[in-house]
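S.K.: Can you build the whole structure from these sequences, using the hints too?
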Amino acid sequence: ERVLLPDENQYKAPKEFREEILNAMKKQAPKDYQRMIMEYYKDLVQ
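178 is the number of the first residue of the sequence shown in the working numbering; add one for each residue after it.
No lab work stands behind these hints, which were simulated from the structure alone.
This structure is a prediction, so every number in the text was calculated from the model and none was measured.
Any given hint could be a false lead.
With a straight-line Cα cutoff of 30 angstroms, these simulated DSS-like cross-link-like pairs (lysine-lysine) come out [unchecked claim]: (1) Lys189 <-> Lys219; (2) Lys203 <-> Lys192; (3) Lys219 <-> Lys208; (4) Lys189 <-> Lys203; (5) Lys219 <-> Lys204; (6) Lys192 <-> Lys204; (7) Lys203 <-> Lys219; (8) Lys204 <-> Lys189.
M.R.: Written as structure tokens, this is what we have:
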């Protein structure tokens, strides 16, 4: 079954949700997760 994804002009997340995501991005990840996160980012760019 084909699923159509909305383009950037068809959907905009609520302002509170966007702000929550941006604020979470400013925080440092827990030490237990930092290595896994770095590996994830490295895999993305390879």
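S.K.: Compare the structure with each hint and give your call.
M.R.: Hint check results:
With a CA separation close to 29 angstroms, the supplied pair Lys189 and Lys219 stays within the 30 angstroms bound. Pair hint Lys203 plus Lys192 holds up; C-alpha atoms about 17 angstroms apart against a cutoff of 30 angstroms. Note on Lys219 and Lys208: the hinted pairing holds, with a Cα-Cα distance of about 18 angstroms set against a maximum of 30 angstroms. Only pairs whose Cα atoms come within 30 angstroms are accepted, and Lys189 paired with Lys203 is accepted, the gap being roughly 21 angstroms.
For the hint pairing Lys219 with Lys204, the CA-to-CA distance comes to about 20 angstroms; that is within 30 angstroms, so the pair holds. A hinted pair counts as satisfied when its Cα atoms are at most 30 angstroms apart, and Lys192 with Lys204 qualifies at roughly 19 angstroms. Among the hinted pairs, Lys203 with Lys219 is consistent with the structure: their alpha-carbon atoms are about 20 angstroms apart, no more than 30 angstroms. For the hint linking Lys204 to Lys189, the alpha-carbon distance of about 24 angstroms falls within 30 angstroms, and the restraint holds.
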